[in-house]
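Asker: Listed below are the residues making up each chain.
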Amino acid sequence: MSVLELRSVSKVYGRGAAEVQALRDVSLTVAAGEMVAVMGPSGSGKSSLLTIAGTLEEPTSGAVLVNGKDTLRLSGGARSQLRRRAIGYVFQDFNLLPGLTAAENVSLPLELDGSSMRKAHLAALKALEELGLGDRARHFPDQMSGGERQRVAIARAVVGERSLLLADEPSGALDTENGEAVMRLIHSYCKRGVAAVVVTHDAQLAAWADRIVFLRDGRVVDQTAAPAGPESLLEQSS
Amino acid sequence: MSVRHALLALLSEGPKYGLQLREEFEANTGQVWPLNVGQVYTTLQRLERDGLVTAVGDAQPGGEHGPQKAYRITEAGSAELAQWLRVPPDLSVPPRDDLVMKVLIAVRVPGTDVSEVIQAHRRYLIELMQEWTRLKEDDNGRDLAFSLVVDSELFRVDSVVRWLDAAEGRLRRALADGWNPAQAAAPAASAGLPTRPTMGVRR
Chain F
1 MSVLELRSVS
11 KVYGRGAAEV
21 QALRDVSLTV
31 AAGEMVAVMG
41 PSGSGKSSLL
51 TIAGTLEEPT
61 SGAVLVNGKD
71 TLRLSGGARS
81 QLRRRAIGYV
91 FQDFNLLPGL
101 TAAENVSLPL
111 ELDGSSMRKA
121 HLAALKALEE
131 LGLGDRARHF
141 PDQMSGGERQ
151 RVAIARAVVG
161 ERSLLLADEP
171 SGALDTENGE
181 AVMRLIHSYC
191 KRGVAAVVVT
201 HDAQLAAWAD
211 RIVFLRDGRV
221 VDQTAAPAGP
231 ESLLEQSS
Chain D
239 MSVRHALLAL
249 LSEGPKYGLQ
259 LREEFEANTG
269 QVWPLNVGQV
279 YTTLQRLERD
289 GLVTAVGDAQ
299 PGGEHGPQKA
309 YRITEAGSAE
319 LAQWLRVPPD
329 LSVPPRDDLV
339 MKVLIAVRVP
349 GTDVSEVIQA
359 HRRYLIELMQ
369 EWTRLKEDDN
379 GRDLAFSLVV
389 DSELFRVDSV
399 VRWLDAAEGR
409 LRRALADGWN
419 PAQAAAPAAS
429 AGLPTRPTMG
439 VRR
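Sequence order for the protein chains is F and D.
Mapping of the first sequence onto the working numbering: residues 1 to 238, in sequence order.
Mapping of the second sequence onto the working numbering: residues 239 to 441, in sequence order.
Don't take each hint at face value.
[Claimed, not checked] Pairs of lysine to any residue, SDA-like flavour, derived with a Cα cap of 20 Å:
hint, chain 1, residue 1, chain 2, residue 2
1, D, 340, D, 356
2, F, 191, D, 375
3, F, 191, D, 378
4, F, 191, D, 340
Please keep in mind that the hints were generated in silico from the structure rather than gathered at the bench.
Please model the entire structure based on the sequences and the hints provided.
Answerer: Written out as structure tokens, the structure reads:
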């Protein structure tokens with residue numbers, strides 16, 4: 001089953017002369033275990049696509065399905081619950097709360113969803129340990145490097161069995177090596193069954209995805225073919 | 239790619255046989271540039287002629303390529319290697335790049351959707367980058383030489399994708415400003431190409 005499905009989604013901001021059409025008839029399906037990158041220049045609609053996929057914004061027309069549920073038909077409360085339980089977000093500037101430790105940042109979404117503090121804390125520690133950040137659990141964001149902060153943000157996005165990971169330029173503020181580590185991490189979560197949509201203008205980062213969708217002026221204009229066998233390059237050169 | 243200097247580098251670790259040199263060459267270039275053994279022997283003969291390596295001991299019997307000789311690097315060979323490592327390759331002349339030509343020509347052919355042409359190339363290049371990235375992911379940094387080669391390919395192809403992005407943006411702005419390909423070209427041609435940068439380029 002597809003985790004995310006956008007059906008003919010359009011989004012218009014403003015009215016009359018100030019009207020901007022951010023998305024035009026965009027359809028996109030992302031299956032469990034699949035990592036999709038969305039590439040396009042600034043102003044192509046990448047970020048709108050992501051906020052609409054994450055139910056943070058409603059489309060002007062079309063449908064958004066997450067785990068088969070039509071999100072526009074859900075009540076406000078049910079939609080918030082879906083957002084908390086099924087969807088994780090990763091932002092370019094990490095968006096960690098500065099007054100909370102790494103563990104508290106990661107456990108927060110679980111606590112907001114009604115988990116006990118203890119249970120949420122244990123889940124957060126487990127998620128941090130998996131990312132090699134066990135010894136950073138009590139550190140505050142400003143005591144960590146950019147690469148570590150982004151890994152904490154990824155731990156926060158995936159903690160509690162979430163099925164859809166949405167990332168907006170997740171490596172934009174990082175150097176090559178840390179950026180690569182972040183993409184490797186997101187791809188490894190996908191291999192475990194998470195569906196991910198990563199928005200980026202950087203081809204080296206997009207290349208980590210299983211499929212790349214190209215956006216121009218709010219439209220999907222193209223996408224990459226199904227992956228060839230990884231050995232084909234080496235065969236060519238020998 | 240200089241097979242000559244790669245062999246000198248391998249011999250700077252100690253005397254080696256031709257077959258061994260081929261194996262080590264391939265291992266040290268991440269198995270990306272295969273080398274045939276004939277090429278190794280021809281290169282060794284030239285290096286010997288130039289006094290950069292010398293044969294050691296007698297030829298050993300055996301091997302499918304006849305008797306094997308071991309070679310060691312000479313002092314002149316070490317000096318040549320040290321010199322070569324530090325001299326930047328000449329990148330001052332723009333290569334005649336097929337892709338650049340295609341885009342320049344697409345701009346001039348009436349009725350061509352240049353964005354579509356650019357996208358076809360962009361998709362191909364990014365699919366290539368996906369394949370390299372998958373190899374990098376599978377190797378997971380185990381083979382350092384391979385990681386270095388893959389990074390270099392990714393950066394090289396990425397620079398072409400970035401050029402396509404920039405070209406598309408520039409073209410869109412020009413068209414929006416009323417630029418017309420049929421009336422272009424002439425002034426630029428009469429102004430001539432900028433002179434080639436030579437300052438600081440060693441030859």
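Asker: Each of the hints needs a verdict: does it hold here or not?
Answerer: Okay, the hints, checked on the actual structure:
About 9 Å separates the Cα atoms of residue 340 of chain D and residue 356 of chain D, which keeps this hinted pair within 20 Å; it holds. Proximity of residue 191 of chain F to residue 375 of chain D is assessed by CA-CA distance (about 12 Å); at most 20 Å being required, the pair is judged to hold. Proposed proximity of residue 191 of chain F and residue 378 of chain D is supported: the alpha carbons are some 15 Å apart, at most 20 Å. As the CA atoms of residue 191 of chain F and residue 340 of chain D are separated by approximately 38 Å, the hinted pair breaks the 20 Å bound.
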